[in-house]
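> Go ahead and model the full structure; you've got the sequences and the hints to work with.
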Amino acid sequence: DSGVTQTPKHLITATGQRVTLRCSPRSGDLSVYWYQQSLDQGLQFLIQYYNGEERAKGNILERFSAQQFPDLHSELNLSSLELGDSALYFCASSVTAGTSVGDTQYFGPGTRLTVL
Amino acid sequence: DQQVKQNSPSLSVQEGRISILNCDYTNSMFDYFLWYKKYPAEGPTFLISISSIKDKNEDGRFTVFLNKSAKHLSLHIVPSQPGDSAVYFCAASPNYGGSQGNLIFGKGTKLSVKP
Numbered sequence: 001d002s003g004v005t006q007t008p009k010h011l012i013t014a015t016g017q018r019v020t021l022r023c024s025p026r027s028g029d030l031s032v033y034w035y036q037q038s039l040d041q042g043l044q045f046l047i048q049y050y051n052g053e054e055r056a057k058g059n060i061l062e063r064f065s066a067q068q069f070p071d072l073h074s075e076l077n078l079s080s081l082e083l084g085d086s087a088l089y090f091c092a093s094s095v096t097a098g099t100s101v102g103d104t105q106y107f108g109p110g111t112r113l114t115v116l
Numbered sequence: 001d002q003q004v005k006q007n008s009p010s011l012s013v014q015e016g017r018i019s020i021l022n023c024d025y026t027n028s029m030f031d032y033f034l035w036y037k038k039y040p041a042e043g044p045t046f047l048i049s050i051s052s053i054k055d056k057n058e059d060g061r062f063t064v065f066l067n068k069s070a071k072h073l074s075l076h077i078v079p080s081q082p083g084d085s086a087v088y089f090c091a092a093s094p095n096y097g098g099s100q101g102n103l104i105f106g107k108g109t110k111l112s113v114k115p
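One line per chain: the protein sequences are F and Z, in this order.
The letter at position 37 of the first sequence is residue 37 when you use the numbering used here, and the numbering goes up by one with no holes.
The letter at position 77 of the second sequence is residue 77 when you use the numbering used here, and the numbering goes up by one with no holes.
For the record, the hints were derived by calculation from the structure and aren't laboratory data.
As the structure is a computational prediction, the values presented were derived from the model and not from experiment.
Where a beta carbon is used, it is the ideal one built from N, C-alpha and C, also for glycine.
Please note: incorrect hints may appear among the correct ones.
[Stated by the list, open to error] Derived DSSO-like pairs (lysine-lysine); straight-line CA-CA distance at most 27 Å:
no.	chain 1	residue 1	chain 2	residue 2
1	F	K9	Z	K107
2	Z	K71	F	K57
3	Z	K107	F	K57
4	Z	K5	F	K57
[Claimed, not checked] Simulated coverage check for chain F against chain Z, where a stretch passes if three residues somewhere in it have a Cβ under 8 Å from a Cβ of chain Z:
no.	region
5	36 to 44
6	54 to 66
7	85 to 98
This is the structure in structure tokens:
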């Protein structure tokens, strides 16, 4: 158990809909990262928040947005869903904002999104 | 364009033997590398990392080697155990020691260790 929790575990929805994925980081971690893993793909970085503020942005679609709340949990909002958005969405957390020796990213179990 | 490549989708080894997983990268600015292990229905688990000031880092049965001139790193598992069967992801940091922590991952190599 990494200490990072994600809900829900599975989500099935229809095209055009909007969903919200939730992540609670490990206690004491200030950074939250969102990654997407599509079929046969590695993990693609979407966005990072550090202590409530956006810190880095990857290949995140405009239909997707995220935020980190004062209690440090984060939500990833996916709207106008398309079939191609079906994927595993992972959240990770780390103590600081950057990458350095000892500042490991710990991953949650993921949310499997299926868009029908 | 993939910046981190794991060219072997799968690898099968016998229990007790050495497993060698390879990873290549294209961006010479990457200077911190990590390996993650992933079991089905679980999130990736951090295994071992290496910074560019080193060419080797060891942790128990796991050793990572970095060849900067070749832009290549490898993960050695000795001896391999059936419980090591998982997908292994190589990742690189484009911003080591900086203000952003995003990682760039390879597509993974599925390791099967046969008893």
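> Now tell me if each hint is right for this structure.
Quick rundown of the hints versus the structure:
1. Restraint check: the Cα-Cα separation between K9/F and K107/Z comes to about 22 Å, which is no more than 27 Å; the hinted pair holds.
2. Distance hint between K71/Z and K57/F is fulfilled; the C-alpha atoms sit about 25 Å from each other, no more than 27 Å.
3. A distance of roughly 20 Å separates the Cα atoms of K107/Z and K57/F; the hinted pair therefore holds under the 27 Å criterion.
4. For the hint pairing K5/Z with K57/F, the CA-to-CA distance comes to about 21 Å; that is within 27 Å, so the pair holds.
5. Coverage of the region 36 to 44 of chain F by chain Z holds in this model, with 5 residues showing a Cβ closer than 8 Å to a Cβ of that chain against a need of three.
6. For the region 54 to 66 of chain F, the assignment as covered by chain Z holds, since 3 residues bring a beta-carbon within under 8 Å of that chain's beta-carbons and 3 suffice.
7. As drawn, the region 85 to 98 of chain F meets chain Z at 6 residues by the rule of a beta-carbon pair under 8 Å; at three or more, the given contact holds.
In summary, this structure violates none of the numbered hints.
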